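Q: First to last, the sequence lines map onto chains A and B.
With this note's numbering, the residue at position 16 of the first sequence is 16, and numbering never jumps.
With this note's numbering, the residue at position 120 of the second sequence is 120, and numbering never jumps.
Bear in mind the hints are in silico, worked out from the structure with no lab data behind them.
Because the structure is a prediction, the values reported are computed rather than measured.
Please note: incorrect hints may appear among the correct ones.
Here chain A is said to cover these stretches of chain B; the calculated rule only asks that three of the stretch's residues, wherever they fall, bring their Cβ under 8 Å from a Cβ of chain A [unchecked claim]:
1) 152-164
2) 227-240
Calculated cross-link-like contacts (lysine-lysine; reagent style DSS-like; alpha-carbon spacing at most 30 Å) [what the hints assert, rightly or not]:
3) B:287 with B:152
4) B:172 with A:13
5) B:233 with A:13
6) B:170 with B:195
7) B:152 with B:61
8) B:205 with B:92
9) B:289 with B:233
10) B:205 with B:284
11) B:269 with B:195
12) B:170 with A:18
13) B:152 with B:289
14) B:172 with A:18
Derived Cβ-Cβ restraints for the label pairs, each shown as a range [said to hold, decoys possible]:
15) B:244 with A:55: 21 to 27 Å
16) A:15 with B:233: 31 to 37 Å
17) A:45 with B:75: 54 to 60 Å
18) A:53 with B:249: 22 to 28 Å
Heads up, the beta-carbon is just placed ideally off N, CA and C, and yes, glycines get one too.
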Amino acid sequence: MGESNILAIITTKNMRDKVGGGIPIFYADTQEEMEEISSLLARITLAMVHDLENGIKIIVRH
Amino acid sequence: MFEYSRMFLLSLLLGFTVRAFMLKIDYRQFPSYPHSYAIHLTLGAIAAALGALVIPVLLEKEFIAVTFITIAAQQFRDIRSMERESLARVEKTELIPRGEAYIEGIAKLFEARNYLALISSFAASLFYYYFNWLASIIGGSIVAYILHWFMKGPTVGDIAEVQIVDIAFKGKSIGIDEVIMMNIGEEEALETWNKEGVGLKIIPKDENARATLANLGQRQAILHDLAILMGIKLDQGLQHFSPLARLNIDNGTLNIIFIPQEPDEIFIKKAVERIPVLESSQRKPLKDKIGRKAAD
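Please build the complete structure, drawing on both the sequences and the hints.
A: Following this line, the structure appears as structure tokens:
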């Protein structure tokens, strides 16, 4: 049971004012791109994608 | 040959056989490489030799030799730390770690088994002294069997009922019944869980079992053994396929979700039922008056 860290945020451009902070934020144009970016990032960072179900996905390493 | 050679050799052999036999039956807990067998058989033989020496030493009135036994006890304690250390080292390389509680249990077990070998060979030499060689073999084996029988702890099947259930999907979250266990952000992963995921409910039979199943070490041990026995679809970088064990805090049911390689429901159920209850995670609130009254 280690600590979990948010490594990145993936969202679409129209959600700009909902995200922020000191972590990398990736803006996608479409839902498909978002899906693509998030799963790539998860593989690259050996982490996992979570969906906040409001159009924002986060990459978390558990 | 010296005076007590027959007694000594017979008891030594019996103790050694007992140790070897016990190595064989714990296949599930043992990372079965031949070198470990060599280590444990050798140490088992030493333990048996010590047990076999007690009677001849007493007969010769060499009481000072008892100090050897204390050295032996020290030696066997080292076995525990040796096992613990080596298992803890390989822990990082396990996809599903055993967890510290399980490692501790295994280490303790290996130490205890040497004592069992020692006691069995001591019993064998005692029977040899009072009766004959046949009684020694039979008596020693019976003692070993009884000891081994006493050492057997309960299994998950003894303290709980296991049910195979469907995984519940709520939006991007999955779980069992109303317990949400994991949030998955990838459509593909959700589909895989939908197609291949298996849900398990481990329902405790009483308050004791409830407290035991809530232990994190016990849960980790269940996941580890389950993954080994049924195979698991998981790799580094595929964290979204990690098996999870979460408690339903309202009724103490332990919910497990995982993606098996062998989706054979009957055997999954059997596998879980056979997983040992860890010594260190056993809780018995019902043994106490207050616990009993509170449970009413």
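Q: Kindly indicate which numbered hints from before are broken by the structure, ordering the numbers from low to high.
A: Structure breaks hints 1, 5, 7, 8, 9 and 17.
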